[in-house]
Amino acid sequence: GESVGLHLPTLSVQEGDNSIINCAYSNSASDYFIWYKQESGKGPQFIIDIRSNMDKRQGQRVTVLLNKTVKHLSLQIAATQPGDSAVYFCAEIRYAGGTSYGKLTFGQGTILTVHP
Amino acid sequence: DTGVSQDPRHKITKRGQNVTFRCDPISEHNRLYWYRQTLGQGPEFLTYFQNEAQLEKSRLLSDRFSAERPKGSFSTLEIQRTEQGDSAMYLCASSSGAGNQPQHFGDGTRLSIL
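Keeping their order, the protein sequence lines are chains A and B.
Note that this note's numbering has the first sequence beginning at 6, numbered continuously upward.
Note that this note's numbering has the second sequence beginning at 120, numbered continuously upward.
Treat the hints with care, since some could be wrong.
Some chain B residues flagged as far from chain A (calculated, every beta-carbon gap over 10 Å) [what the hints assert, rightly or not]:
1) S181
2) F193
3) A212
Computed beta-carbon distance windows for the label pairs [stated by the list, open to error]:
4) A/S33 with B/G135: 41 to 47 Å
5) B/S215 with A/I25: 26 to 32 Å
6) B/I145 with A/P87: 25 to 31 Å
7) B/S177 with A/S31: 14 to 20 Å
Worth flagging that the hints you see were computed from the coordinates, not collected in a lab.
Using N, Cα and C, we set each Cβ at its ideal position, and we do this for glycine too.
Isolated chain B (complex conformation):
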């Protein structure tokens, strides 16, 4: 499978715990995006990388959220001191860097905060 891969698919944790998600983009894609999706809504942009550089962060990304893409390949999204409101589907997408190109999504990590 050469699509976008996310791990884990599901994460259940207690409020206050830290969680980390991983995204492996399509191998030749240099752009990587994180989105958050709640039930019944469309995905909302969180942050964007071009290669290893994080070029934009949404206001949705509070200080408890951090994302990295150290080698310009896979990316991690960490949430510290999780809160009930963090429960959502976290989606990763990637695209090639030549102008506007379609973003291809993984199947997401569903986070549930107890």
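Chain A with its partners taken away, still in its complex shape:
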């Protein structure tokens, strides 16, 4: 079946360290991927996206890497701060020409805890 999942459910890091959150996807037709951050009691917050014709994209303190060969996605957070503590989800969208009409399929999530 189709699924987007995460290798590690929890990740604890020290403030200032770099964090890497991983995600595996199984649908080779996926052409668009998004990372979201969700804090307690709030909705998912967009962090960064990447299209399947790219293998790397950088934002402010964040980098997303896409390896289509092994269907793997990762989110790197540089100089992690306590405010980065949250649940992180990867999500995929299949080709717009299919029946998904852009609906997101989410993984289970990784809990990131940053210790001061």
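Use these hints to put chain B onto chain A, whose structure you have.
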């Protein structure tokens, strides 16, 4: 605030009652989505509108659920004859219609069924 707005933030009701939630998307966004999220899980797709047209509904959306977006702006999600299993966070998201664009979420309505 120009983000996605949802109302109410919390709803507690007895089993069997009807509830209605409202979502106001980002004003220039023509796509609107509803998702449901239970504790410890990622959001699950429920339904999608492009302007006022409801283009897709998940199998999760039983006959007790109905969603509307009458003027292509705000949307409502109604659950009739609520059941214990309906307890969840109901999230709304919106995006612009130009190809694949990030969906921006509201902070959701948390529904608790007594």
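Status of the hints after comparison with the structure:
no.: 1; hint: S181; verdict: holds (18 Å)
no.: 2; hint: F193; verdict: holds (17 Å)
no.: 3; hint: A212; verdict: violated (8 Å)
no.: 4; hint: A/S33 with B/G135: 41 to 47 Å; verdict: holds (45 Å)
no.: 5; hint: B/S215 with A/I25: 26 to 32 Å; verdict: holds (31 Å)
no.: 6; hint: B/I145 with A/P87: 25 to 31 Å; verdict: holds (29 Å)
no.: 7; hint: B/S177 with A/S31: 14 to 20 Å; verdict: holds (19 Å)
Checked against the numbered hints given earlier, this structure breaks only hint 3.
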